[in-house]
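Take these sequences, add in the hints, and give me the full structure.
2 protein chains.
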Amino acid sequence: MKEKEPTLRDIRKAADRIKEFIHRTPTLKSQTLNTLSGAHLFFKCENFQKGGAFKIRGATNAVLSLTDEEAQHGVATHSSGNHAAALAQAARWRNIPAYVVMPENAPAAKRNAVAGYGAQIFSCAPTLPAREAGLREVVANTGAATVHPYNDYRVIAGQGTAALELLEDAPPLDMILAPIGGGGLLSGTAITTAALSPHTKVIGAEPALADDAYRSLRAGRRIEAGPTSTIADGLRTSLGDKTFPIIQRLVSEIVTVAEDEIIHAMRLVWERMKIIIEPSSAVPVAALLSGRLPVAGKAVGVILSGGNVDLDQLPFTRH
Amino acid sequence: MKEKEPTLRDIRKAADRIKEFIHRTPTLKSQTLNTLSGAHLFFKCENFQKGGAFKIRGATNAVLSLTDEEAQHGVATHSSGNHAAALAQAARWRNIPAYVVMPENAPAAKRNAVAGYGAQIFSCAPTLPAREAGLREVVANTGAATVHPYNDYRVIAGQGTAALELLEDAPPLDMILAPIGGGGLLSGTAITTAALSPHTKVIGAEPALADDAYRSLRAGRRIEAGPTSTIADGLRTSLGDKTFPIIQRLVSEIVTVAEDEIIHAMRLVWERMKIIIEPSSAVPVAALLSGRLPVAGKAVGVILSGGNVDLDQLPFTRH
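Protein chains in written order, with the numbering used here: chain A, 128 to 446; chain B, 128 to 446.
Mixed in with the good hints there might be a few duds.
For chains that are exact copies, the list does not tell them apart, and a pair is met inside one copy or across any two.
Straight line, CA to CA, 27 Å or less: simulated DSSO-like cross-link-like pairs of lysine-lysine [to be verified]: (1) K177 - K425; (2) K131 - K156; (3) K425 - K131; (4) K425 - K140; (5) K146 - K156; (6) K156 - K177; (7) K177 - K140; (8) K425 - K156; (9) K140 - K328; (10) K131 - K146.
In case anyone wonders, no lab produced these hints; they're calculated from the structure. Bear in mind that the values here come from a model prediction, so they are computed numbers and not experimental data.
Laid out in structure tokens, this is it:
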């Protein structure tokens, strides 16, 4: 039987399933960012989420959705970090093993977090084919159930619960911006938003150095991201065959931003909002500040996807 | 007529006077910090305060307390940064000029903030005598009213409003920790707490490199801090003749912490709570983690005094 795309109903079920495990994160405002962008901004702070990123939503929904038989040999995934830590945490809650294939250039902080939750880590080259091959091998050896970081309907449904909360906590929004890497967060956000607030445009923000979603939407077919060194390490992945059609159908636009715009936006949020966000979270902020979107006077939701940074490797340079 | 120490009544009046200008900051919890300290911690987040620090409370109360005649030539102060920016902001609200004497080693971010509010800045050597001499000269030249950063009862009353909010928002507390530099925040906190929650101990946390409060309390007389390079730049000042007697009477204990403890605590808060605090705010956190206080199982309020850091000058070293 062909799996079916999640609906609002599935996302509401996911919210019920995960709510005792995750934080309901706050939605913050910032006068300074409002002034600089010209919009009324509502920041959904998934940097304060358990594990420091939204990924715990999808991973927990997926792990708790498994039958006992499916779960008996544990779970496995490939991830640059936040999903890996989330899956390891969710597996620990269910008391099953977790196996994680990580690209060798993943930040040390993320690698340590995964190890800290007791997952077994396998390193691989930082390319999608290498990650997928590594995962196939691990699954063949362990019999674990694969929980893909984004190309999985249970994960997409879990990620869609962040927008559910944002729409409850903010006034009616003209627009919601979320970063796009593999598309799990953006497709979940788009399903929730299309169902609950159809007049709200959903916009993806992507590093220009990893603009596979931008190019894929223009081409009308999935184009894979090559190896990339974008500082937004959570967004180095390519769209999947499950996320792409949802995004194609429900997302209005993808805006790309340069590396210096990402770093500037990240610094601005740190300095003015006094909260730690990771580069991936700064991508939609950079899009808002770029002047490339008609946001003047609009109410705009922004999903700050995570706050896991390596404090020893900050991109701020001495003046 | 001799001025009288502020009472709870003065602090409540200050709260009314400043409330439309300042933020009511949140009180946050952290599972990780609870686990590491053994206590139940309630963090009063003045890093989210307008201007990034609690100082706006005292400065605004002082500026709004001036008669029109007192205010006509503006206000002047000396400050390593946060009070200067706060006074400049409060003066702008009242539409009067502000003059600020700043030590030449004040962080660039703080200096820029002061200039950004339109205050006129005068640099001086980083010692209390140099700061006081600079201020006398400025006052002689301008006729401005002095608003001392801490040794001023209007300022002390304003700073005491943070504890007022903390005591409202947290469950009954066994202890409240605040950093101590000149003693404005700690003495205001102590007055509020003694009146509203007399069983709650008020404890000051101080860098060992600037332990004048610790030594003054032991000696029973004010001992001035010499020049110090503690990373907690907000705490380099000495107690004043108005703050010392309040602290002597109402504060249970001063705990000192080493520089590496401050940096470790700051990093921990950044990494685990995902909020930006400045080194001065990390001092009470370091005290909690030091094992030098009997906090196991206790409900402890912690005033995180500010979040103004120079991101180009972070103390974290590459591993």
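Going through the hints against the structure:
1. K177 - K425: between (30 Å within a copy, 24 Å between copies)
2. K131 - K156: neither (36 Å within a copy, 40 Å between copies)
3. K425 - K131: Classified as neither; 34 Å inside a copy, 51 Å across copies.
4. K425 - K140: Classified as neither: same-chain Cα gap 31 Å, cross-chain 38 Å, threshold 27 Å.
5. K146 - K156: Answer is both: 24 Å inside a copy and 18 Å across each meet the 27 Å cutoff.
6. K156 - K177: both (21 Å within a copy, 13 Å between copies)
7. K177 - K140: within (20 Å within a copy, 40 Å between copies)
8. K425 - K156: within (14 Å within a copy, 33 Å between copies)
9. K140 - K328: within (24 Å within a copy, 46 Å between copies)
10. K131 - K146: within (23 Å within a copy, 53 Å between copies)
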